[in-house]
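J.: Take a look at the letters that make up each chain.
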Amino acid sequence: MAQADSAKNVSRPTLKRFDYVRMGFDASKLIASALSKEYSTIELQLDGTYTKKMNVVAEGGWANAKTNTASVSFKTSSAFLRFGFDNYFFNPEFLGDKDNAFIGLRLGGARQNKTEATAHIIDPFYGSRDSLITKNAGTVFWIELTAGFRMEVMKNIFLGWNIRGKTFINPKKIEELTPSYLAGYGNASKQPAFDYNLYVLYGFGRR
Amino acid sequence: MKSLHLLFLFILLLGACVKNDFCIQPSAVKTVVRFKHMDSANKKVDLSINNITIFLTDSSYLYYDDISGVNQVQLYLRPNSNRQEMVFKQEEAPFLSDTVAIKFESTLHFISNGCGYQYYFKLTELSSSHHLIQEVAITSASVTESIASENIEIIFK
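Protein sequence lines correspond, in order, to chains A and B.
Residues in the first sequence are numbered from 1 upward in steps of one, following this note's numbering.
Residues in the second sequence are numbered from 1 upward in steps of one, following this note's numbering.
If you are wondering where the hints come from, they were derived from the structure by calculation, not from laboratory data.
Misleading hints may appear alongside valid ones.
What the simulated footprint calls covered on chain B by chain A, stretch by stretch (three residues with Cβ under 8 Å from a Cβ of chain A suffice, anywhere in the stretch; the number is not a length) [stated by the list, open to error]: (1) 71-79; (2) 107-113; (3) 116-126.
Straight line, CA to CA, 30 Å or less: simulated DSBU-like cross-link-like pairs of lysine-lysine [said to hold, decoys possible]: (4) A:Lys172 <-> B:Lys30; (5) A:Lys135 <-> B:Lys122; (6) A:Lys173 <-> A:Lys135; (7) A:Lys98 <-> A:Lys53; (8) B:Lys30 <-> B:Lys103; (9) B:Lys122 <-> A:Lys172; (10) A:Lys173 <-> B:Lys122.
Values in this document were obtained by computation on a predicted structure and should not be read as measured data.
We put the beta carbon where it would ideally sit given N, CA and C, even for glycine.
Bound-form chain B, shown alone:
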């Protein structure tokens, strides 16, 4: 009987420990865009670009401003939109810039009470001009908090 009462007191103390909701998830998801080109064997290989400026047309933020050795960019897509355009400009030939248009769908995804909700995206369509860029393709359409190795590949000439 005494052991039952001791067990009760132990459970009481356990119940008194309340875990607060806290969040360790990243705050917004990113779309990973990798740069590639075709080598002499016509095989796709990663590419580092020099003197590149990358920005979105609907934001004043510059992802890269005349930076060298860039092989990818991680974009934040706008949740209350379904289309954004990304501009690539090489400072060596500023008249040869390309615009990549990305179409997507956004949905609110519940993470936890502590982290709340976050927007996830599904890439639906991709197109570009072709001054610097040979081809664009969606490699992984789902953009979630698990950062994919690649969502979009851009193959440069």
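Just chain A, with the same shape it has in the complex:
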């Protein structure tokens, strides 16, 4: 009885925001970039504890892409930022337990720069011709729903995956000369789009 009373009186440390922070990169994008002739990209993630069951997340990165069809060819470079939160399903099984599944929401935005495009205009009567389309830049936003899992494989080293469903908020910005790959979004001609990540993260801070 005395031991139970003393256990009740032990004060648990209060959780402070961003007590524990994780940072890492998406390994699947690095592998995909190495295998693709059309694009290369890097995605990074930073997340920090906000409440006992919620983390605030920031993601960023950049991409270069080449789009070549029979009718148009151009290059794009883009950089993105995503902000949001992940809501974890389960209570920790022990103090410092970080293995968990989650569902989350993101707001993303990317700035893209397009080079001068070459358009091959087909004209069966007067003869087909190539025309140059002036380069331009623009910013496009999207929202996404994500779900995933994080597992601590070694002390402070995490592996995890995300699946994402995303849709543009201002799709008209990306209608003309849609890039084959937009940083943070993926194939910009898909609306909505689905994507996945495989993260390697390092964590530090107070558990």
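Given the structure of chain A, go ahead and fit chain B onto it with the hints provided.
T.: Frame of chain A, contents of chain B only:
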């Protein structure tokens, strides 16, 4: 937990399916010119012309070469120009031919990555000589990939 992993694998497979850009749009837009005349009640009705030869003055292509039963012609306008002339000649009276002058503006319009760009036109002015032709008029100035029922009407005498 297992179902989450299965869902992840399913999404992975979905993402692996990449659609190639392909094009099913027509390659160049056409201006539709319909032939009409005024009937006895002074009402405009469609007209089929016999023994007609139709060509553009800046091309060696003959749209129709002494053909009968022609009630319309679909023209390809030249993108790097703003004016073209179309000649109507009836083989029965070769000295009575008419020239229709069409003025227009062209703009490049994006269709898709697969189809690329195509020229659209806006008809701005129309005039003609009057040996065979009574009147010409622009009925729909916009020439796009949606083929209009009629862009120009030519009313013959």
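J.: Confirm or reject each hint.
T.: Hints, verified against the model:
Counting residues of the segment 71-79 of chain B whose beta carbon lies closer than 8 Å to any beta carbon of chain A gives 3, which meets the minimum of three for the stated coverage. Evaluation of the coverage hint for the segment 107-113 of chain B: fulfilled, as 3 residues show C-beta separations to chain A shorter than 8 Å, against a requirement of three. Proximity of the segment 116-126 of chain B to chain A, defined as three or more residues with a beta carbon under 8 Å from a beta carbon of that chain, is established by the 4 residues found. A threshold of 30 Å between alpha carbons decides the hint, and for Lys172 of chain A with Lys30 of chain B the separation of about 27 Å falls inside it, so the pair holds.
About 25 Å separates the Cα atoms of Lys135 of chain A and Lys122 of chain B, which keeps this hinted pair within 30 Å; it holds. Distance hint between Lys173 of chain A and Lys135 of chain A is fulfilled; the C-alpha atoms sit about 14 Å from each other, no more than 30 Å. The hinted pair formed by Lys98 of chain A and Lys53 of chain A meets the criterion: a straight-line CA distance of about 10 Å does not exceed 30 Å. Pair hint Lys30 of chain B plus Lys103 of chain B holds up; C-alpha atoms about 15 Å apart against a cutoff of 30 Å.
Taking the CA atoms of Lys122 of chain B and Lys172 of chain A, the gap is about 24 Å. The hint holds against a cut of 30 Å. For the hint pairing Lys173 of chain A with Lys122 of chain B, the CA-to-CA distance comes to about 25 Å; that is within 30 Å, so the pair holds.
Checked against the numbered hints listed earlier, the structure breaks none of them; every hint is satisfied.
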